Structures are given as structure tokens and as C-alpha cells.
Amino acid sequence: MQYLDRMLWYDLKRLWRQEIAIAILVACGTAIFIMATSSTLSVETSQKKYYADYRFADLFAGLTRAPMSLKDRIEEIPGVLQAQCRIEHPALIDMPSMVEPVSCRLVSVDRDAETALNGICLRSGRLPEPEQDKEVIANELFAAAHGLRPGDSIDVTMDGRKDTLRIVGIGMSPEYVYAVQPGLLLSDNRRFGILWMPRKAMEGAFNMEGAFNSVAIRMESFASEKQILFELDRLLKPFGSWGAYTRSDQSSHRRLSDEMHQMRAMAYVPPTIFLAVSSFLVNLVLTRLVHQQKDQIAALRAFGFTKWELAIHYSKLMLVPVLIGCLIGAIVGIRTSWWMVDIYAIFFRFPAMAYRVAYSEGVFAVSLSLLAAVLGGANAIRTVIKLQPAEAMRPDTPQVYGKLLIDRLGLGWSLSTMTRMILRRLTGAPGTTILSVLGIAMGVAVLVLGSFMRDTIEFVLEVQFGRSQRQDVMLTFNDTLSADACHDVLHLPGVHRVEPFRSVAAKVRNGTAEHRLSLMGLEPEPYLYRVLDADHRPVSFPSNGGVTITKKLAEILRVRRGEFIDIEILDGKGITVRAVVSHVFMNYTDPACYMNRGDLHRLLKEGEQLSGAFVSVAPGAMDELYQAVKEVPKIAGVLDIRAAEKNFRELVTEHTKIMRLMNSIFGALIAIGVIYNAALIALAESGRDLATLRVIGFSHREVSFILLGELAALTLLAIPVGLPIGILFSYFATLALDTETHRFPLVIHRSTFAYAATIILIASSTSAWVVSRMLRRMELVSVLKVKVS
Amino acid sequence: MGIVANPIGFDDEKALRTPNRVLQRNTGSTRNSPKVQSDVMDSSLLDMESDAVFRVRGVTKIYPMGEVSVHALRGVDLDLYAGEFVVILGASGSGKSTLLNILGGLDVPTAGSVYFRDHDLTRADEDERTYYRRDHVGFVFQFYNLIAGLTAYENVALVADIAKAPLPPIEALRLVGLEERKDHYPSQLSGGEQQRIAIARAIGKRPDVLLCDEPTGALDVKTGVIVLDAIANVNRQLGTLTVVITHNASIAQMADRVISMKDGRISAIERNSNQIPASQLVW
Chain A
0 MQYLDRMLWY
10 DLKRLWRQEI
20 AIAILVACGT
30 AIFIMATSST
40 LSVETSQKKY
50 YADYRFADLF
60 AGLTRAPMSL
70 KDRIEEIPGV
80 LQAQCRIEHP
90 ALIDMPSMVE
100 PVSCRLVSVD
110 RDAETALNGI
120 CLRSGRLPEP
130 EQDKEVIANE
140 LFAAAHGLRP
150 GDSIDVTMDG
160 RKDTLRIVGI
170 GMSPEYVYAV
180 QPGLLLSDNR
190 RFGILWMPRK
200 AMEGAFNMEG
210 AFNSVAIRME
220 SFASEKQILF
230 ELDRLLKPFG
240 SWGAYTRSDQ
250 SSHRRLSDEM
260 HQMRAMAYVP
270 PTIFLAVSSF
280 LVNLVLTRLV
290 HQQKDQIAAL
300 RAFGFTKWEL
310 AIHYSKLMLV
320 PVLIGCLIGA
330 IVGIRTSWWM
340 VDIYAIFFRF
350 PAMAYRVAYS
360 EGVFAVSLSL
370 LAAVLGGANA
380 IRTVIKLQPA
390 EAMRPDTPQV
400 YGKLLIDRLG
410 LGWSLSTMTR
420 MILRRLTGAP
430 GTTILSVLGI
440 AMGVAVLVLG
450 SFMRDTIEFV
460 LEVQFGRSQR
470 QDVMLTFNDT
480 LSADACHDVL
490 HLPGVHRVEP
500 FRSVAAKVRN
510 GTAEHRLSLM
520 GLEPEPYLYR
530 VLDADHRPVS
540 FPSNGGVTIT
550 KKLAEILRVR
560 RGEFIDIEIL
570 DGKGITVRAV
580 VSHVFMNYTD
590 PACYMNRGDL
600 HRLLKEGEQL
610 SGAFVSVAPG
620 AMDELYQAVK
630 EVPKIAGVLD
640 IRAAEKNFRE
650 LVTEHTKIMR
660 LMNSIFGALI
670 AIGVIYNAAL
680 IALAESGRDL
690 ATLRVIGFSH
700 REVSFILLGE
710 LAALTLLAIP
720 VGLPIGILFS
730 YFATLALDTE
740 THRFPLVIHR
750 STFAYAATII
760 LIASSTSAWV
770 VSRMLRRMEL
780 VSVLKVKVS
Chain B
0 MGIVANPIGF
10 DDEKALRTPN
20 RVLQRNTGST
30 RNSPKVQSDV
40 MDSSLLDMES
50 DAVFRVRGVT
60 KIYPMGEVSV
70 HALRGVDLDL
80 YAGEFVVILG
90 ASGSGKSTLL
100 NILGGLDVPT
110 AGSVYFRDHD
120 LTRADEDERT
130 YYRRDHVGFV
140 FQFYNLIAGL
150 TAYENVALVA
160 DIAKAPLPPI
170 EALRLVGLEE
180 RKDHYPSQLS
190 GGEQQRIAIA
200 RAIGKRPDVL
210 LCDEPTGALD
220 VKTGVIVLDA
230 IANVNRQLGT
240 LTVVITHNAS
250 IAQMADRVIS
260 MKDGRISAIE
270 RNSNQIPASQ
280 LVW
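Residue numbers (numbering that gives the first Met the number 0), protein chains in the order written: chain A, 0 to 788; chain B, 0 to 282.
Keep in mind that a hint or two might mislead.
[As the list claims (entries may be wrong)] Derived lysine-lysine pairs resembling DSS-like cross-links, with alpha carbons at most 30 Å apart:
id	chain 1	residue 1	chain 2	residue 2
1	A	402	B	181
2	A	236	A	70
3	B	163	B	181
4	A	225	A	199
5	A	572	A	70
6	B	261	A	402
Just so you know, these hints were derived from the structure itself, not from any lab.
From a predicted model like this one, the values you see are computed outputs, not experimental measurements.
Isolated chain A, as found in the complex (with noise of 0.2 Å):
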């Protein structure tokens, strides 16, 4: 084997280049792939091991008060371990450095507030004294966004009443991995916060002595979880539950498991293009040196070295890049996993993020690389062991070209000798230029698929933000209030429009399929806070007009326009009412579902009893605003709907740029790969034609026009190719984001194609430099002593 080993280490110095090409794209999908299962298992350990340590409940249900008696009752259910009956209520607080009122939600806690279901794990400080009424204990990211300390003291509002608390600690809880505020897409840690405050002195400040509000389960092992929640709903109906529910259905929890669905998601599809191009190359690169080593393969058959014994040979030459690009691609993966953590870290807070690296995964990825080079290199190998000695030795039937279509068509004339041979090149080999132009096709797909997002995200933002929710602030009230309550609230200073809405929690349902919400009453011609149909038209809500849901709602319900759904107020009253599905339109955050305002006061059989409004506030007077909320004890909730949407972009847009960065550099490199090596090939084999040409008096730049010809030409094909390649990789990407809590729209702009072009045509043009160079540093006369085989 001492030979064979020797020529082994001569091609493989020989082939470089193309081998750097193959380890690069291994490398590439290697590491995404080594990197998102790592960060999604180190997340996932990290989750388990918080949820296990600090008892994250199991079920959860919110009511509108019902006695601490019931809590016994409550632990006699079949199956469940532990319950914890709690006061939860939202409160504003008047934070120094921020004009508008900051929204928090205060959670009573007990005693053994650690020790408790959803402990709180500590993280400065220590906990409130249970008989302290000013004590609290602010949430982390919440105090670190504002630089809130222990012994630091805030003005809250509760219940109408300001009150200044001090803090005391510092800490966390596994029900708050991610706190957002209810109705945004995204945490803005300097709007929300959250507050653990002792019982004793939440049942004062809410008016709720011995009695509870909230209820978190944990559940005995093997338990019936749809069991318990169906004994759970029946006991705390009379109490007005809004429906238990499970960890899936938790803000919290369910956040979490999206952005792990979307990373899991992510870990496959890229590296899956990678290793398909990866494949293709080794299938280019063997192919071309089984061919060129035939009389060398047929020498050494016939001095009595075994087929397999030079197959494996030949599958060595491969398999080293695929090693090499694997062990790279595993030291990039686990290092920006860990850099994937800390940024999961920032949004995502566990007392201890554990950085875990996904051994199995990486030994599959590895396999999968290794199984694609096989598979690329199949045919060649085929061919090693198919291969007679003494046939072998035989030249090559020469390859006979067919006519080119153009002069099929008598148009052969327009032809110039040059951009013939360009033309014979593509068509004479037509197997390798369908896999060479899908190859750099898929690196204009990979930019495509990278690159749509700040498309879809912008399209998403207008018609959220700009033609949907044309309000500046969402006002909340502490309870309903009656249209001549609210009458004051509405002439606060800088409002020019209101639209009151009122919202209810419901249980929507169509057979044995059901969705919990917040039903909306809204106007009957809404200005301010807008539903959009298909063609962005303002959906109208006359009176007995039924129901709007969104398409996800409609999904989940399984029903279309024009059926009946059953809506079950969760109020304790037990109402229940079937409405006519009158419209479904397409929204990109949670299911919601709206009627008549009017005809909800009916239902619930109430007269104009307000949750909330919308209101819009003239240019400059939002200060004005906000300093006279904070002074308005009916007021639970400020939304901004600027300032969220700020957020929201400054959030999203520096992932967004991030993720086109990097996916920029990978459909470059793809489409480099390709190219480059389809370039070497071309030299390779017409090297010879072009050093004749040179002979014969053209210059470097003419023969440089055959070879770069034909790149452009491969490239050229490809763009048209990839894009729709890239739209279809965009939809499926669309599908994998598709979650309850949000979803995106294929919306791709010509500037995408565009930019996806472009790259390509760098990288195409790079390459060609480089080839090009190559080209001019060739030995002209040397080529001529060769005789062809």
C-alpha cells in the first residue's frame, strides 16, 4: 500500500484547491449544524435543569377570585401534587428616568417563595419580610434595563392607589424565562418588569383577602393531564377561570419552545444545501481524476493491485476534505454555539446557562458528511472497480459534438469562432453544467432565503404598526369602567381620537378543536386599531355581524368563512353563544378573534362596560400624556405602540443584519465552491486549446474571454434558477417559523433579488480573477509538447 499512499499524498497536494473547496463546504454545513443543536440542547439543559430545581408548575389557570378554601380542593384532584393559589394583578410604575408609566405585573408570594412551585431564584438581596408591605423583589433583566439595586425604592400604582416599595432583591423565576408584555411580540425590558410582593400586602392593595386570583399545578407523574384540567375547569368555573391550561400555553414556556422549533429547524435546512453541494463537487472532482488516471488505474490492475484496494484509495482522496471540513466545521460549531448562548442569554435568563455540546448530533453530522461525499463520489468509485485493464489502456472514443441549437435555426452565422467553443463546452458536457448551474444556483437560493426576512419583517412592521394599529398608545383600565367613568380618562391632555374597546377572556370552539383568547368588542368602523382583509381593506363590525378570527384561529378551529363557532365567555357566568364566522384575515402574532362591540356588551349582558382604548395622541403632547396617566388610578396598562415598534426594530433588525451577514458569506462561498472549481476544470481541460490560442496570437484577454465566458455563462444560467429555488426555500422557511405566537408572510422584494444577484456575480467574478490569473502564469510552450491522449 506504500505506493498507493505515496500517490494519494501526490493528488492530494495536486487537487488543493478543489479539496479546500469541498472542506469548506463541509465545514460550513458542519458547523451550523454542530451549532444550533449545541445551542439548542445547551438551552434546553439549561431550561430543564431551571424548571427542575426552581419546581416550574405544570398547569396553570387564572380566575377572577375565588376563596383560599378552594385550594384543598384544588390538591384533592386526581394527579395533581401541589397547588399554589396566588394574587397576580398588572400595576404602572412611575419610573424616574422614562417619561411614559412603565407596565409591570405584581405576583404575591408566600413565605417559601423559593422553596415554593415557580421558586424564585435570587439573585442579589434576600426576600420580602411576609408582614412588610412595602417589600418587593424585581425580576433581573428588569432592574439591570433601569440599574435597579436592593434598597432601591419605585412608585407603584396598584389599584389606583401610588404607593413607593422598596426593593429588596434581585431574582428570577422559571415562569419568567422570557417576561413580555401582554399583547407585544417581544420583551422591552424597560417597559415591563416584574414584581414579587408578599402576599399579605398585595390581598391589601387588591382587595383580596383570602382569596386568589391565579393557580399553578404540579402534577404527579403519569398523571392525566387533559384529566386534571377538566376537573380543574369544572371546580374553578364558578370562580370565573378563564380556562386552565397547560406549560404549552404558558407566555413564558411557549416562547421558549418556538425559538427552540425555529433553531431546530434552522440546524437542518442549511447544512442539508451545504452537503448536497458538497456532494456534487466530490462527485465533479473524482469523476474528472478517475478519468484522467485511467491508463495510471489500469497500470496498477494489471501489476496485480486489487479493484477494492484502489477504490479505497480513490475513496480516501475524498473522504480526507470531508474530515478535514468536518473537524473545522465541529471547532466553529461549538465555538459560536457558545457565542449563540450568550446571545440566548440576553433574552432568555436561566440562573446558569450550561454549554453543552451535542456529541451524538455531531458524530450524525459527521456520518451525514461522509455519507454525501460517498454518495458524490459513488460513480467514480463505480467506475475504479468497473474498470478492464486492458480496455483501459485503450483511448478514449472521441466525443463527437452535436449542432448547436443556433445553427439548427440558420442563425449560426451570428456566432463568433470563440463563442462557439463557449457554446460546444457547455453542451458537450450538458450533466455537468445542469449540476455546475443548480450548484451555484443554490448559493443565489441561499442568499435569497437569507435576505427575505428583513423583506418579510418590514412588510410584517407596515402593516402592523403602520396601516393595522394606527393608535399611539393602547390604554388598559384596572377594571371595566363605565362609559361616563372613562369619559375623564378620554380628555386627558394631547388625545385627539379614542376608540374604546372592551375584551373578555373566552374559549372559542368548533367541536372537539378550541382556542383561548381574549374575545375583542371593537367599533363598528375602527380608525385607530384596524383588522385588514386579504386586499388591506378595513374590515367593518356592524352589529349582528358575528365573528372575525384570524387564519391561524380559523386553522386551529378547522372552520371557514360563513360556519358557526361556539364561544364560551370565561367570566363564571357561564355564558355561551354560537356566532357565524363573517370574516377571516391574515394577522402575524397570536390568534385573536373580534365582533361588535355593542353586540359583546349584549352577550355579556352589561351595558357599555370598557376595557380599554385605543387612542391617538397629537405630535409632541405624549409627554404631556404620560405624566397625567401616571396620575389616573383607573389606568393598569400603557402601551406604546412607537415605542414598541422601535423596539421591535432595533431587536430585530441587528438578528436580521447578523443573519444576512453570515448568510451572505455562505451563499458566497457555495456559489466561489462551484464556480472556482468548475474554472479549474475548464482550465484544465481546455487549458491546452487556450495556450493554442494564445500561440496563434490571441491575447490573455480573448482567451481569457472563452474561459470567463463560459463562467458567465454558467453563472447567468444560474441566477434565473436560483431565485426561484430561493422563493421555494423562503416558503419552507415561512412554514418552519410558523408558530401560534407569530408567523411570516413570503414577501421578497426585487432589492433581495437584486442583492442575492450581486453576491453571486462578486463571487462569480472573483473566482474568475483568480482563474484568470492563473491562466496568464500558464507555460505556453510546454502545453504544445504534450501529445493528447
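Knowing the structure of chain A, use the given hints to seat chain B on it.
What follows is chain B alone, placed relative to chain A:
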């Protein structure tokens, strides 16, 4: 095969010059004694130098090969005249291919000067030499070097893309007797036919000089004779200065002048007064 005065009937300046070629050669032969050593150049010959297409003086070529250097040419002086059929004879390693490459602008000498008319080839840069080859030189190689992806016609037409006043490709093919094979690809042609296509390609641009490097080296006698006949025909009809290098002494019998090379030097220049046509060559 006899001389056909003007078989193609093209009427440009070069074709009209054809009869004069004989005159030039005759005057050349009266001035040059049959056995003039090329390194002897007295002033009486200076006026004649202006007629020379090539003037080679003191050309040496040294190839550095690692630690040793190979002296391919060791001081060559030579004049070549318009319309001549010159055969350069020598064994492998005698320096004949190096000399041909220098004349063709593919290589530059280490020392000495090479003039093509009044252009100093030794001072020309890569681009200038490319344009020199393009405008003035036709090459025929031992291994034909046809473009496999182009038909016979297209191979010839290739030079028409860059030449200033090319022959119509079909005329060039007719000169080598292969106009019926114009739509065949090189792989469908015999070695001799491929070489004739290569000749047609070389003359397609109406070069001032046709340089042939072992044109029959890869061919058997019969086909070799046909190829040589085609070269001689071109030389006669177009009046192109033709330089054939070979190690085959028989071919020298066709030449006007025979230049023998040995160890990088010209060992002899003979005027051949008794030319015989290619068809009578035997080797």
C-alpha cells in the same frame, strides 16, 4: 506537383508579390555564396540585410534548471528572407525548437538580438509579442493542436476573428485540399488531415512567416509527404517565408536553404540548388 500560379485568384498585394518572390530568392542566391557561415557578416552584405525578414545576431538562450543551467543556444547569427523555404535540421537538444520559439515570439533570448523587419523582438513585451504572433506568424505544431470542440472549418475560421486581412477559411482549406472535410471535428479526421487543417489555420491569416515544428513528427511517411506537400504549396503560392524544423534529413531536400544545428550553434548553412518535390521524398 507543379506550380500553380494563382489558383485561388485572390488579388491582394501579397498575391501579386508572388512572382517577385522568385526574383528575390535569385538575387539572394547570387549575393550569398552557397556555403556562407552565418557568423561571418561583412559590411558588403549590410544593404541586403534590409531585405531580411529576420535578422538574428548573437542569440544565446540559457535555461536555469535548478543548480545547473542549460545552454540551448550559444550565439546564433542568421538571416531569413521573404519567400524562402528554410529547413532547420538538427538532433534533439540541438536548439532548433528554441530558435523557432524565439523567432515565433513565444520565447525571448537571454542575450543577442532578433529583428523581425525593423522590430526588435527581444525588446517586445508580452503583449507586443502576442500582437506580433497575431499579425505575422503562422504556427504548425507536431501535435496539431486543433481545438477539439470546433469543426475543421471553425478551427480555420478562428484566426479570421483576429486577423487583419484573413483568407476566407474555405480558401485556406482548399489550399490544403480539405474543403470537403470542413464540417468534421478533429476527432473524425486522420492525423495527416488534422495536420493539414492546422496548416490551413496557420495560413488563414496570411502570415508573413510560417513556422513548422516537426510537422511530420507524429505521422507516417505517406501522410507526412502529403502534409509537406501542402506546406510547400503554401510557400509557393502565397510566398510566405516558411521555416520547418525537423530531425529528418530527407525533408531538407525540399528546402531552398538548409540550416544545420548542433549543440546550440549553427553548424552549416547550405543552399539547395537541387530541390525535389515532397512526393519524391523517401525516409
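Going down the list of hints, with the structure as the test:
Only pairs whose Cα atoms come within 30 Å are accepted, and residue 402 of chain A paired with residue 181 of chain B is accepted, the gap being roughly 14 Å. About 14 Å separates the Cα atoms of residue 236 of chain A and residue 70 of chain A, which keeps this hinted pair within 30 Å; it holds. Distance restraint check for residue 163 of chain B and residue 181 of chain B: the Cα-Cα separation of roughly 23 Å lies within the 30 Å cut-off, and the hinted pair is therefore satisfied. The straight-line distance between the Cα atoms of residue 225 of chain A and residue 199 of chain A is roughly 33 Å, outside the 30 Å bound, and the hint therefore fails.
Proposed proximity of residue 572 of chain A and residue 70 of chain A is supported: the alpha carbons are some 21 Å apart, at most 30 Å. Restraint check: the Cα-Cα separation between residue 261 of chain B and residue 402 of chain A comes to about 49 Å, which exceeds 30 Å; the hinted pair is violated.
The earlier numbered hints that this structure contradicts are 4, 6.
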